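The listed protein sequences correspond, in order, to chains A and B. If you count the first sequence from 1, position 92 lands on 92 in our numbering, and the numbers rise without skipping. If you count the second sequence from 1, position 143 lands on 143 in our numbering, and the numbers rise without skipping.
None of these hints come from the bench; they were simulated from the model. All values derive from a computational prediction rather than experimental measurement. Virtual Cβ for every residue (Gly too), placed ideally from N, Cα, C. Fair warning: there could be bad hints in the mix.
What the hints assert, rightly or not - Restraint ranges, calculated between C-beta atoms of paired labels, are given here: (1) B/Leu38 - A/Arg66: 46 to 54 Å; (2) A/Pro175 - B/Gly75: 56 to 64 Å; (3) B/Trp221 - A/Asp134: 43 to 51 Å; (4) A/Ser243 - B/Arg158: 48 to 56 Å; (5) B/Glu21 - A/Pro115: 54 to 62 Å; (6) B/Ile39 - A/Lys75: 32 to 40 Å; (7) B/Leu230 - A/Asp76: 43 to 51 Å.
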Amino acid sequence: MTTALQLRDLKKSFGSIEVLKGIDLDVEEGQVVGIIGVSGSGKSTLLRCIDFLEQPDGGTITLDDRSFNAAKATKDDIQYMRRHTAMVFQLFHLFKYKTALENVTEGLTTVRKVPKAEATEQAKELLELVGLSDRLDHFPNQLSGGEQQRVAIARSLALGPKVILLDEPTSALDPEMITEVLAVIKDLAQSGRTMVIVSHEMNFVYEVADKVILLDNGQILEQGTPGEVFDSPKTERGRQFVSRINLSANAYKVGDFQI
Amino acid sequence: MLGPVGAERFIMLFDLKVVFEKIPEILSYLPITLEIALIATATSLIIGFLVAWIKIKRIKVLKPLADFYVSFTRGTPIIVQLYTTYFGIPFFLTYFNDRFGWGLNVNGIPPIVFALVALGLNDAAYSSESIRSAILSVEKGQIEAAHSIGMTGWQTLRRVIIPEAAVVAIPNLGNGFINMLKNTSLVFVCGVVEMTAGARLIAGRSYRYFEMYVSLAIIYWILTLIASRLLVRWERSLRRNERDPKAATKAAALKARRPRRFFSIDRDAGANPDAAVDDAVTAATGAPVRPPVPPPGLASEATEPAAQPVATAGPVAIAEPLDSPPLAADAPPLADKRPVREEVGA
Ligand SMILES: Nc1ncnc2c1ncn2[C@@H]1O[C@H](COP(=O)(O)OP(=O)(O)OP(=O)(O)O)[C@@H](O)[C@H]1O
Ligand SMILES: [Mg+2]
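Taking the hints into account, I'd like the entire structure generated from these sequences.
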């Protein structure tokens, strides 16, 4: 297996508060890494630093064969990271005056300069993949939350990212819509996409992730297979965290949802 | 001997027929009025955008200059700005000619240039504020989404920020354009013969001053009505997410539409410096007489006496209507109302 994304000693502070205190992370190609942790532990900040929506203060980032000092990332480095990773936001952030189709073609036509007809073809395929072939001309405000998030996932896939970053993709959704979005993500996982997903859907993480990271106070507290982290945490704080999760209580039902 | 009475006397003083007869003749000056308004507005948008950007990005040195420019322009009457432009541009050109040996032709500047510079700079002080707040209204998430798919700063500006800010800014900018249309009636002080100056010329030939100004008022009124309707349409076309999704059933989506509204916003009427106009301007067909540009050093005393416009024609003073156009008062809502979802498609 080759490493798709590697972080070494990644650091980030907001003012005097150190939010990431040196994160080491390896994401293998085709792997799904689940990041869990209490609110404020730095999960979002970690993803945002990878996509340079926040500027890291220190550390090394390696994506594929390109490696650079995160604190001194050039414009080129930042552009490289943004073009080869994709972000799925908790609140979707679809372009609000663009249709579902245009949201997906935008990256292709504007960033990659793909001819419009070709971009449209590709976008239609992606929207079909997420089960939205009948919503191409709808605007975000005409779509349900679950549909919006599925469009956002299609948008993130458009540029063929090496790694997809998902920040609590279902936390803003009503329960009945969570299932459809998780089904799409699970589909992607099974088709071999490399993903880093922050989620509070512990059952989902347990089932889909190849590796789980428990983040605590800006540091990695536990990491390993879902079995290792959820069933036999090594640290006291890790035990406390998982003891508060009732894995069966919020069972999701991906199997019931067909797209 | 008693003069005519009643209706006859009224017609002698005010002939309604003349009001309508002369409209086509006045309209022959409409193209120049529109040209000034459109070019000055375009200038205003460009400068306004730059000023807004300087303020948002807090660019060193330029930010205080931009603040000063906006404050100064908003705090001075537009008629004074027209005069300062009319005398200021030749002054600076002469200065640069003398200082750097530039061979610029100071007396060859077309009068319309002064009008465009003065009106453009005046309006930019207002448009910059509308543009600034519109840009700031774009949600951070939209910009982050653009960045996350690899758009550069410029691409984000062009594809996301400007289209979204435009929807927010157009009501204010549109009101600015309507003020601009009305403000063009002042540029005769720079020697430009647009619709108001043209009407005065026509009036001078027939001594039908009152009728002519009534015609003029009607024309401006209709012009601003048309402009505001067009702006509403434009704004609506930019709010494309309120349209029916083509795939959805028409009938269901129609219900979700918001009610038809007229377009009207009051842009800080209190701060409008145009109010100082009425007395300052007595009817003058031509521009104030500008003395030949004096050598440097004599400039200040030599230009002073010419600062009063020379009244040459009719006795009627131009009064600028101070109100915003007579339109419905409700501004279109800026909030992004989400239509009833389950009615769309399904
Ligand atoms: N832009 C910012 N400025 C200042 N502090 C910030 C900023 N963004 C995040 N923080 C702080 O950094 C810490 C980590 O935030 P982060 O959003 O990464 O947490 P999280 O693990 O994603 O939490 P949640 O589960 O609630 O989303 C928090 O204490 C937060 O207040
Ligand atoms: Mg978060």
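Taking the hints in turn, this is what the structure says about them:
{"no.": "1", "hint": "B/Leu38 - A/Arg66: 46 to 54 Å", "result": "holds, 50 Å"}
{"no.": "2", "hint": "A/Pro175 - B/Gly75: 56 to 64 Å", "result": "holds, 57 Å"}
{"no.": "3", "hint": "B/Trp221 - A/Asp134: 43 to 51 Å", "result": "holds, 49 Å"}
{"no.": "4", "hint": "A/Ser243 - B/Arg158: 48 to 56 Å", "result": "holds, 52 Å"}
{"no.": "5", "hint": "B/Glu21 - A/Pro115: 54 to 62 Å", "result": "holds, 58 Å"}
{"no.": "6", "hint": "B/Ile39 - A/Lys75: 32 to 40 Å", "result": "holds, 37 Å"}
{"no.": "7", "hint": "B/Leu230 - A/Asp76: 43 to 51 Å", "result": "holds, 45 Å"}
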